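Peer 1: Using the sequences and the hints, build the whole thing.
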Amino acid sequence: MARSVALYHLRRNTATSVAAAVIVLLFLLAIFGPLIVPYDPLATSMQEVLQPPSAEHWFGTDQLGRDIFSRVVVATRLDFAIAVAAVAISALAGISVGAMSGYLGGWLDGVTSRIVDVMMAFPLFVAAMALVAVFGNSVQSVVLATSIINFPFYFRLARIEAASRREIGYVEAALINGNSSGSVIFRFLLPNSLPPVIVQVSLNLGWAILNTSGLAFIGLGVAPPTPEWGIMIQEGASMMMSGEWWTVFFPGLALVLSVFCFSLLGDGLRDIADPRRRS
Amino acid sequence: MKHRTLRLIAWRLLMALPILFGVIVVTFVLIRALPGDPAIVYASGPNMSQEDIDAIRRAMGLDKSVFEQFLIYLNNIAHLNFGNSLVTGQPVLKDFGERLPATLELAVFAFALSLVVALPVGVLSALYRDSWIDQLVRVITSVSAAMPGFFFGLILIFIFYFLMGIAPEPIGRLSGWSIAPPTVTGFMTIDAALIGDWEIFWEALGKMLMPAASMAIFAVAPLMRMMRGGMIDALDSDYIKAARAYGIPRRKILLQYALPNAMLPVLATMGMVLSTMLGANIMIEKLFAWPGIGSYSVNALTGVDYAPVQAFVLIVAVLFVLMTLAIDILSAAIDPRYKLKG
Amino acid sequence: MTAMLEIDNLTLEFETPAGRVHALDNVGLSVDRGECVALVGESGSGKSITGMAIMRLNGPNARIRASRIALDGTDLQGLTDKAFQTIRGRRVAMIFQNAKSALNPLRKVGDTLTDILRAHAPERLSRRDARARVLDMLEMIGIREAEDRMYAYPAELSGGMCQRIMIAAALLCEPELIIADEPTSALDVTTQVKVMDLLMSACRERGVAVLFITHDLALASAYCDRAVVMHAGQMLEDGPAEEVFVHPRHPYSRMLLDSMPYGKESAADLKPMGGNLPDLRRDDLPACRFAERCSRVQDCCRTQSIPEARPSEAHAVRCFFPHD
Amino acid sequence: MKRRDFLNVAAMTGVSLLGLRLGVTPANAQGRNDVIRVLLEDSPNTFDPSGTGYNPASCNISWNVYDRLVTFGVKPVEDKEDAFIYDYSNIVGQAAESYEVSEDGTTITFKMREGATFHDGRPVTAHDAKWSLDRAVNLPTSKAQLGTGSLTSPDQFTVVDDMTFQITLPQADRFTLPNLCILFPAIINSELAKEHATTEDPWAEAWLKTNEAGGGPFTVSRYVADQQFVLDRFADWKNGEVASAARIMAQIVPVASSRRASAERAEADLVRELSGRDIKDMIDAGKPRVLGISNPARMVSIALNSEMAPFDNKLVRQAVAYAVPYQEMFESVLYSRGTPLFGGSAETTEARYPQPLPYTQDLEKAKALLAEAGMADGFETTFTIDSSLGTTAEPIAILMQEALGKIGVTVKIEKVPSAQMGQLQTDRALPMYIAVGGAWLADPDYFFRIFYNSTRRWNYGNYQNEEMSKLVEETRFETDEEVYKTKVIRMVELAKDDVPLILLWSPFQDTVLSDAVHGYEYMFHGQLELRPLYKS
Amino acid sequence: MTEILLEAGAIVKDFPLGRGKHLRAVDHVSFKLRRGEILGVVGESGSGKSTLARIVARLLPQTEGSVWFDKANLASYSGARFARAEARRDIQMVFQDPLASLNPRWPAAKIIADPIRRLGTPKERDKVKALVEEAAERAGLPLGLLNSFPHQLSGGQRARVDIARAIVLRPKLLILDEPTSALDASLQAHVIQTLMQLRADLDLTYIFVTHDLNLVRLISDRILVMQKGALVEEGPAASLFASPREAYTRELIAAIPQLGQRRVERAGREH
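Residue numbers (my numbering), protein chains in the order written: chain A, 1 to 279; chain B, 280 to 621; chain C, 622 to 945; chain D, 946 to 1481; chain E, 1482 to 1752.
Each hint should be verified, as a subset may be incorrect.
To be verified - Straight line, CA to CA, 27 angstroms or less: simulated DSS-like cross-link-like pairs of lysine-lysine:
1) K703(C) to K531(B)
2) K1139(D) to K1088(D)
3) K373(B) to K1139(D)
4) K729(C) to K520(B)
The hints are simulated quantities; they were obtained by calculation from the structure and are not laboratory data. Please read all numbers here as calculations on a predicted model, not as lab measurements.
Peer 2: Structure (structure tokens):
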């Protein structure tokens, strides 16, 4: 029934379901995109530099004559992969440590919470920049930096969820049934903290994409010529003023569209997860 | 009661010290992990010999052990000495003194802008829950939340400055030809108002509009969502039902019963938004050549200029701690149930 | 002489995402002047919804139909929302189950009380005069340290105290009718009697009619003149309290009493009732919604409209086969 | 007086009475005609001409605020109206009214200019010259450079009398006078500087970093790092014609598109550091005025680490040099805004450098060379770019990656922050990267000495060749023109054959000027020479 | 006299309030429980009755005092540590709010089987299934509902799942913490009867914690009355109701509404 109610809300909330559909489509593009794009996203062509959008080049070409449509599509894979990996790492680490901290309390909670307080007090973007700078300009360090700066959100979420459920009936029942602390955390608390976590994940995927492109925009992280939306925007930014708006517009549009869909989906999921927000 | 509150505030500030210490340690370690030898960077002349570089390293104290460097750094901080910037060659504190007001003014203005947009819209959205207004607002705010500030800024510059020519040049706080009012608060608008120079006042305000809008765009969605959620929770609550049952006029219910209660969760978000605006406006500052601490510290970071980065992180952390405290105090002032966490 | 409150044929449905809920079906009841009527039933029986329907507080998704919802002979249904505002709190007041959450947590209780008074003041009532009248009221109903209480926030008061404040709030504008919705079910037994005594004697003194919504039959019998038994949105029995509770005529009333510990000697004397409340989202609800749980059920109960039996002038039972 | 100005003055007087810091000096009744607004990408980081860690942009201040004993004269640029360029062969007096070189060339005597003063009114004397040069040969930043002109020790500098200053040299050196014209040997107000010197800091480095003690055509009236600096005309300047512009307002605008927009809308008078594409667009549009001046001593190249495999093999370096898509790169990256340094003839006739290397894209030849080197299947390598290099570096890297891919070489592009880049260069840890360099002194042997020899970072290709070292030594003091020419031609041949640096081009220094601005002079350092600028 | 199953000696429980202050929730409470007995624990909210129940169930550690169960001292075991103790299978608990006490993500069968998997010996799938079905049957839960999730069940059915989970390992002592207070009267009678039947069938001993004095009177052998953490009065149910010794007990009993016993006189009808 819960499932059918969820489906019902999904159906009723057009925005959410459209967002979900677009995300599925984008994931498909991320997987199959490189197979279906009309041009090699890396191939330069001096004869076709900065062509406006046309039937041949739907999104036009960039300053090296590369097909922007192909690059935008292929970039989906990298941007999504980074976002998914980063969010997966931070979510897994964050909720595990958070749930332990919240449930067990005591000195463990004290220490981890202080550490997270320190992390929260850091200016996020600067922290991400510094981390990428430290670990070197690579996809891995963008993933690592993004997951580190997102860790506190999951930690806090899981910690509050776990702490609020410490004395809830089914945890007491679990103890009565002979479950150890670890078993209580991983069999009872974590699965039940999932709905808010899923909402957070959905919103976070969007932020992670934004973060990646932000880093790329200031020249950190992914190295060219890898197609990446942030890099494309950064490269195109200087061309906007000379009228080649398509160099910025389409990667930006792809970026906005995917972040938008993730946040819309997260919003919708939140409404479904939290019955009070329902009408 | 007053006395107790003061004690609690003092206690809270004391409790923030370990956090700040943690920030100092992490920053210190992180920044020393940065690739690049500051002595080499500083000795920018490619014609310098190894001896020259070593001499510079000694002069910068980088030949000492990291632990020793840390103790020296701590001692300096204790004396409010944040060192000198390699990039600008000035004391970091002086650099910040010149830049922080610009960042603060922009952040405050952007913050005000986002509140002015988000809060009424959130209330409206809650009042007309699930109507087309609500749906439209949610779609628009979701789009705005998805818009990277730098992209939005680019679009604004392109449309309003480049194409239409109605926006001022996206460079700095004043036009290149105008004379800045004497620095009193460091806030260009306020300083202009202080000497009654309204032309400069309006110019400074106009200059802030596009960067502030670019910064505000990310904040509108979370604020609006919290406002909407808080308002819905408040409207669904027993006390609103009771107030209606007692015939209290609708206006009064909205303004004196629902709104204050709905503002409570928004307060926390406001804190988050403001601190993000202070710490994460780097790209906007770069885009608009805004003379703030954001672009300053990014330059420092890429130039392995230790002192400004350390100071920047510390300052933002202090602002964050103060902001959290301010939000706590504000919450306690509004909500009698809210206890300042000691 | 007209009754203080008269409800005829009240039917209410909720439109929800999961379907239409048939919450109330042809409910009729009346409360005379100065009378205390208990509205009893299990959870889900529709008793609170009935109370809210009178106050028009059911929310935007409620569809209400009634032939009559009259206060002192005037049908309220024709009133605009704005006009209805003057009824709420002024002529009909309401007391809620959870007093603590029914008071604005950010407002001193004294301010909430003056708000109510000023909302209904015929001419501009100064804040000062309003406060004075509130203080009088608090003292009159025997709240100790009334002055201090006015400066307290709800969170600083006990549940019992909050409920006393709510009683004061209800009495403040000298209403003709008070709807008390489970006013003490969140309280401990010892506090419960004190608060109930306070509420009922205050209403008696002022001649205020009370519609007392509760699931506690003993409590109802201890304070009320008449009792109305509801089940699944239907009114089943309506009569003098002692008759309904001591010699119930409707099978449901009787089975409900049998399942309760009152007057029993041992656990073995408890007689569980069969079945569950019907799902009110069903579109094929039987005519008598108790039919599926009833031991006396026959075919007519499911299909034909239920007749009203009158064992005595003041006692009505809606059943084909009532007990004698 | 306009109302606003009156208010400003009134308010500022009031404020200064309160002891508050002033933003800028209030005396600015001039209109826009007297003020030249400049937009730059990078901010100066010191006022000190010998400041440790100075960046190129700091020339914009130190060059215009200080004078030197002598300076390069200027000559009109060929094919350009209203534009001048420094004349390396014409060295004229500046702080020194005149100078005299002894017959044997080991003594140079300078006569200081009568009546010339520093900004604080103190007369400029030979003592100041002595202190300034002592300082310059002592500080690490300037020491090495001045050494290239045989200026190494304070003992060489003598105050003959208050107004006569003498330099003695161990031997005649044609690099001495040019070295006195560059940035470092600026004449500092020694009395003022000494007031701020300490025992730990005898040369007042700390103070001079953000304070000026000069006597040049401009004074610094406001400086906020990374934001702006304002220079005001020094009206009592005696060492030449007083600047026409009363004030230079320079703003630092890191975003190129914003600089371009301001240039196009003529909101700024002088805009620097625009991309080739922006410049080309403006030239195509015919508005505003673009001055592209080529500095023959500047070059953009691809450095191949000659000591690191596989680039330690000359054949591999040549193969790479044949794989570069020069013309494509020149057009699509630079939009042809420069002088090509590729496609030259194999035979060397001219004794100048840099000159076009005899390479063009020839993939077959590249493949053959690789095969000859025993790497027919190619290899893997890394191409490093400095993240601060901006718009040109990435396309170069991408085109290189694509082109090398065609001869079987797999290239990974790595982008590192400039801070790290410096260290990697110093550590000689990079196999292949973009190197940008330029010599202040135009002699070809000088160029080879610093870019194709030495152990310092400037030897980008990490090139070690005994013959080159020998030639570099031999040409140092060579005065016989024929011998010199022969040896230089041999060095050029080595550079062509060994290609530790694949030269790409010498970029134009493009400057966008509003219609009102005239008198542009290009200096060897590529930064702004402000004094001659005037507005019509 | 039957043997003593459980003996609590001078149990004290303090909850820290911060800054060295404590709330004493249970204050030196001692009692004995005989095998097969039903001990009612009554008191108003804040009386410490639930805390006492949790200490006996080893969900909470006591601050002071001893808990002897089946001649073993359990005082050193609590919470997660008790999970490994021998007596864990013998002490089970039924909770107040069955919706909260059932893991919302598990079907009823899995919930009931959890104690077997954690504590029980048979691990074979069909043996576990058989045990689960037996317990469900005893608790009056239709077997067809075993695959339902808690939110798909009615309140009464949830209570039965909770009971089935508690009895599946045949414990000796069942602690019932307000097991019916969330239920309507008609369901309460069902659950009470089920519990009475189980006790007869499985030879269980009950500690029945409740605020409902009407109910506790019917089912308990002995009653403990608690107030503000302290034990006020203890005695056999009948005599305690008939002749309470302590003023507080008297006040409590007097406050119980009784059917047909008017408290505020009705006004004469005005017609």
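Peer 1: Does each hint hold? Answer for all of them.
Peer 2: Hints versus structure:
1. At most 27 angstroms may separate the alpha-carbon atoms for a hinted pair to count; K703(C) and K531(B) meet this at roughly 14 angstroms.
2. Annotation: proposed proximity of K1139(D) to K1088(D) holds, straight-line Cα distance about 20 angstroms (limit 27 angstroms).
3. Of the pairs offered as hints, the one joining K373(B) and K1139(D) holds, with about 24 angstroms between alpha carbons and a cut-off of 27 angstroms not exceeded.
4. Simply put, K729(C) and K520(B) have alpha-carbon atoms about 18 angstroms apart, close enough for the 27 angstroms limit, and the pair holds.
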